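Start from the sequences, fold in the hints, and give me the full structure.
Chain order of the listed sequences is D and Z. Residue numbers in the first sequence follow our numbering, run continuously in steps of one, and reach 352 at the last position. Residue numbers in the second sequence follow our numbering, run continuously in steps of one, and reach 352 at the last position.
Rather than coming from a laboratory, the hints here were simulated on the basis of the structure. Owing to the predicted nature of the structure, the values given are computational and were not obtained by experimental measurement. Treat the hints with caution; some may be incorrect.
Same chains, same label: a pair holds when it works inside one copy or across any pair of copies.
Said to hold, decoys possible - Taking lysine to aspartate or glutamate pairs in the EDC-like style, the calculated list, with each CA pair at most 16 Å apart, reads:
hint: 1; residue 1: Lys-208; residue 2: Asp-168
hint: 2; residue 1: Lys-267; residue 2: Asp-295
hint: 3; residue 1: Lys-248; residue 2: Asp-295
hint: 4; residue 1: Lys-239; residue 2: Asp-168
hint: 5; residue 1: Lys-115; residue 2: Glu-92
hint: 6; residue 1: Lys-267; residue 2: Asp-72
hint: 7; residue 1: Lys-342; residue 2: Asp-292
hint: 8; residue 1: Lys-115; residue 2: Asp-151
hint: 9; residue 1: Lys-264; residue 2: Asp-119
hint: 10; residue 1: Lys-208; residue 2: Glu-137
hint: 11; residue 1: Lys-197; residue 2: Glu-305
hint: 12; residue 1: Lys-248; residue 2: Asp-215
hint: 13; residue 1: Lys-115; residue 2: Glu-329
hint: 14; residue 1: Lys-173; residue 2: Glu-137
2 protein chains.
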Amino acid sequence: MTNKPLNVLLLAGGVGGAKMAEGLQSNSNIVLTILGNIGDDDSFHGLWVSPDIDTMIYTLSEEINRKQGWGVREDDYKALSFLSKLGADTWMSLGDKDFGLHIYRTERLRRGDRASDITKDIAKAFGIEARIILPSDDIVQTKVLTDKGWLTFQEYFVKERCDPEVKEIKFEGLEVAKPTYEALDAISTADIILIAPSNPFVSISPILKIPGILEALKETSVKKLAVSPLINGKAVKGPAEKIMTSLGMQADAIGIASFYGDLIDTIIIDNVDSELSPKIRTLGIEVFCTDILMSNSSEKKRLAEEILFLAKNNNLPEGAER
Amino acid sequence: MTNKPLNVLLLAGGVGGAKMAEGLQSNSNIVLTILGNIGDDDSFHGLWVSPDIDTMIYTLSEEINRKQGWGVREDDYKALSFLSKLGADTWMSLGDKDFGLHIYRTERLRRGDRASDITKDIAKAFGIEARIILPSDDIVQTKVLTDKGWLTFQEYFVKERCDPEVKEIKFEGLEVAKPTYEALDAISTADIILIAPSNPFVSISPILKIPGILEALKETSVKKLAVSPLINGKAVKGPAEKIMTSLGMQADAIGIASFYGDLIDTIIIDNVDSELSPKIRTLGIEVFCTDILMSNSSEKKRLAEEILFLAKNNNLPEGAER
Numbered sequence: 031m032t033n034k035p036l037n038v039l040l041l042a043g044g045v046g047g048a049k050m051a052e053g054l055q056s057n058s059n060i061v062l063t064i065l066g067n068i069g070d071d072d073s074f075h076g077l078w079v080s081p082d083i084d085t086m087i088y089t090l091s092e093e094i095n096r097k098q099g100w101g102v103r104e105d106d107y108k109a110l111s112f113l114s115k116l117g118a119d120t121w122m123s124l125g126d127k128d129f130g131l132h133i134y135r136t137e138r139l140r141r142g143d144r145a146s147d148i149t150k151d152i153a154k155a156f157g158i159e160a161r162i163i164l165p166s167d168d169i170v171q172t173k174v175l176t177d178k179g180w181l182t183f184q185e186y187f188v189k190e191r192c193d194p195e196v197k198e199i200k201f202e203g204l205e206v207a208k209p210t211y212e213a214l215d216a217i218s219t220a221d222i223i224l225i226a227p228s229n230p231f232v233s234i235s236p237i238l239k240i241p242g243i244l245e246a247l248k249e250t251s252v253k254k255l256a257v258s259p260l261i262n263g264k265a266v267k268g269p270a271e272k273i274m275t276s277l278g279m280q281a282d283a284i285g286i287a288s289f290y291g292d293l294i295d296t297i298i299i300d301n302v303d304s305e306l307s308p309k310i311r312t313l314g315i316e317v318f319c320t321d322i323l324m325s326n327s328s329e330k331k332r333l334a335e336e337i338l339f340l341a342k343n344n345n346l347p348e349g350a351e352r
Numbered sequence: 031m032t033n034k035p036l037n038v039l040l041l042a043g044g045v046g047g048a049k050m051a052e053g054l055q056s057n058s059n060i061v062l063t064i065l066g067n068i069g070d071d072d073s074f075h076g077l078w079v080s081p082d083i084d085t086m087i088y089t090l091s092e093e094i095n096r097k098q099g100w101g102v103r104e105d106d107y108k109a110l111s112f113l114s115k116l117g118a119d120t121w122m123s124l125g126d127k128d129f130g131l132h133i134y135r136t137e138r139l140r141r142g143d144r145a146s147d148i149t150k151d152i153a154k155a156f157g158i159e160a161r162i163i164l165p166s167d168d169i170v171q172t173k174v175l176t177d178k179g180w181l182t183f184q185e186y187f188v189k190e191r192c193d194p195e196v197k198e199i200k201f202e203g204l205e206v207a208k209p210t211y212e213a214l215d216a217i218s219t220a221d222i223i224l225i226a227p228s229n230p231f232v233s234i235s236p237i238l239k240i241p242g243i244l245e246a247l248k249e250t251s252v253k254k255l256a257v258s259p260l261i262n263g264k265a266v267k268g269p270a271e272k273i274m275t276s277l278g279m280q281a282d283a284i285g286i287a288s289f290y291g292d293l294i295d296t297i298i299i300d301n302v303d304s305e306l307s308p309k310i311r312t313l314g315i316e317v318f319c320t321d322i323l324m325s326n327s328s329e330k331k332r333l334a335e336e337i338l339f340l341a342k343n344n345n346l347p348e349g350a351e352r
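Below, the structure is given as structure tokens:
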């Protein structure tokens with residue numbers, strides 16, 4: 031092994047992705063690049079909001095509201111109270127500090143700046159060392175078909191609280207979307223590619239489906255690992271298992287492994303799911319079991335260290351449960 | 031006299047205009063229409079802000095921060111703190127609730143709605159009975175020439191705190207601006223036209239200069255009164271006397287009366303300025319003296335009542351000092 035820090039590329043969605051990124055960013059032996067999800071992006075009150083990217087920025091800068099896992103700590107809803115008074119539809123909880131960021135992003139987008147450059151500048155202003163890059167600077171929006179028709183992801187997730195059954199998922203704008211050079215470059219120069227315990231269908235898929243991204247990922251021969259977003263068939267947060275069941279898939283780590291298929295060579299699942307390992311191995315995917323819940327800062331660090339050890343040594347470190 | 035309520039049209043700028051409007055709106059014998067100033071309007075962080083109109087709305091809905099005379103009570107600056115963190119220029123104090131209103135207005139303007147219609151809807155949502163109308167739906171911006179070059183009014187007023195000497199004032203956009211039908215209609219149907227104790231040069235002029243407005247005002251034969259914004263040669267608030275001195279004018283009630291000239295038939299000045307009355311009368315303008323400071327709610331009401339009495343009876347009521 032050389033002493034050169036490893037380039038780790040993390041494909042990450044919402045809260046689970048941000049937690050994994052947090053564990054990795056404290057590791058001084060790697061250079062971390064996060065390829066985030068823009069599929070949840072949407073316009074609210076004429077402002078462009080990028081929920082997953084914002085959650086990542088707030089988490090890595092410790093501005094996050096830890097209790098919620100999203101939004102900004104010590105924020106308030108005064109702007110929203112006036113919008114509501116003015117008759118605007120305010121089901122999307124946008125805090126005042128949060129609005130400051132959306133106002134900034136929107137103004138720069140209107141000026142013609144690339145979303146990637148704006149994100150880079152926001153991350154810098156928030157003191158984040160990891161690179162946060164976007165799969166595309168074009169608009170690609172996740173839409174969910176339900177009994178109520180096609181909903182944007184935030185309509186499904188926030189307004190409808192994931193209640194309606196999901197019949198189909200699509201990503202609008204894919205036909206014309208181009209990948210960013212940052213994403214293609216990060217994929218080709220990564221030493222390890224890691225898929226965070228994010229929802230595969232609505233957080234990771236919108237990244238993979240941007241033309242050129244999946245192809246680039248398949249071309250590289252580095253180690254590619256995924257961490258299961260399901261523990262005992264349940265998502266730690268969000269609607270992953272509901273969506274899997276709705277779509278007629280197996281809502282467990284096997285379903286996750288099947289979904290990624292030959293994109294990954296290794297999956298990390300929770301100890302409680304260890305009996306699923308043999309079945310996953312029949313898919314040609316190596317399995318390691320450990321505690322993947324990440325309920326506090328030291329667990330995030332420990333999981334990050336185990337994954338990095340595994341990537342280098344093809345085994346978990348001594349003492350990690352498996 | 032009939033019992034039909036009088037149509038009172040108030041030409042009003044910032045804080046002084048809002049105080050006068052407040053005194054008038056409590057009077058049940060009149061129908062109040064306020065023709066506001068849009069010359070201070072400007073874009074901040076990509077949002078369209080209309081300071082004088084907002085001050086009017088916040089004042090008449092009792093949302094105003096009474097201590098400041100502008101802005102919203104119980105507001106905070108969380109959005110601005112993030113904009114500042116992101117490197118934006120945040121000399122313009124915009125509160126969080128205030129941002130909610132600017133976001134709403136900007137979204138509707140981008141959709142193509144008329145500024146007049148947006149203002150009407152905001153006033154309605156804020157429970158304001160008086161009509162607030164705009165002189166134009168086009169952008170007409172007050173620019174102030176100083177040693178630092180041409181500044182927008184907010185740059186001069188807020189950023190530079192009225193420090194630089196004013197060499198010239200212009201209103202950009204006048205050439206193509208059209209008056210609103212609401213303004214022309216309100217002028218032609220008014221029973222009394224009142225000019226609030228606002229800055230004549232930067233609050234009232236931008237209204238008068240919109241093509242068609244001054245002509246319409248001169249065509250009507252109703253009583254036209256102005257209240258002096260200067261007491262003992264000083265503005266109660268804002269840079270009126272500084273600007274007058276800079277422009278080589280007489281910074282007192284005589285200067286104000288000369289400025290309005292034959293547009294008004296009557297001016298109301300403060301008791302402390304009573305010795306100026308003979309000189310003002312030589313201009314062909316009738317003068318009445320009373321206490322015009324309006325430092326509290328009952329003084330606002332009392333002044334409004336006296337003015338309405340004066341408009342009907344061509345004299346101040348018994349007991350008013352003069």
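My question is about Lys-342 and Asp-292: at a cut-off of 16 Å on alpha-carbon distance, are they close within one copy, between copies, both, or neither? Neither, since 20 Å and 89 Å both go past 16 Å.
Using 16 Å as the alpha carbon limit, work out where Lys-248 and Asp-295 are close: within a copy, between copies, both or neither. Cα proximity of Lys-248 and Asp-295: one copy only (11 Å, versus 84 Å across).
Between the shortest in-copy and the shortest cross-copy C-alpha distance, which are at most 16 Å for Lys-197 and Glu-305: within, between, both, or neither? Close neither inside one copy (30 Å) nor across copies (83 Å); limit 16 Å.
16 Å Cα threshold - placement of Glu-137 relative to Lys-208: neither (22 Å within a copy, 28 Å between copies)
Between copies, within a copy, both or neither: which fits Lys-173 and Glu-137 at Cα up to 16 Å? Result: close neither inside a copy nor across copies, 25 Å intra and 23 Å inter.
Reference check for the pair Lys-264 and Asp-119, CA-CA at most 16 Å: within, between, both, or neither? Close neither inside one copy (32 Å) nor across copies (46 Å); limit 16 Å.
Between Lys-267 and Asp-295, at a C-alpha cutoff of 16 Å, which is it: within one copy, between copies, both, or neither? neither (25 Å within a copy, 72 Å between copies)
Lys-239 and Asp-168: within-copy, between-copy, both or neither at 16 Å Cα: For Lys-239 and Asp-168, the Cα distance is within 16 Å only inside one copy (13 Å; across copies 45 Å).
Intra/inter-copy verdict for Lys-115 and Asp-151 if alpha-carbon distance must be at most 16 Å: Classified as between: cross-chain Cα gap 11 Å, same-chain 33 Å, threshold 16 Å.
One pair to classify: Lys-115 and Glu-329, alpha carbons no more than 16 Å apart. Within, between, both, or neither? For Lys-115 and Glu-329, neither the intra-copy (43 Å) nor the inter-copy (30 Å) Cα distance is at most 16 Å.
Regarding Lys-267 and Asp-72, is the shortest C-alpha distance of 16 Å or less found within a copy, between copies, in both, or in neither? neither (21 Å within a copy, 43 Å between copies)
Taking 16 Å as the upper bound on the Cα-Cα distance, should Lys-208 and Asp-168 be classified as within, between, both, or neither? within (7 Å within a copy, 39 Å between copies)
Comparing the model with each earlier hint shows violations of hints 2, 6, 7, 9, 10, 11, 13 and 14; every other hint is respected.
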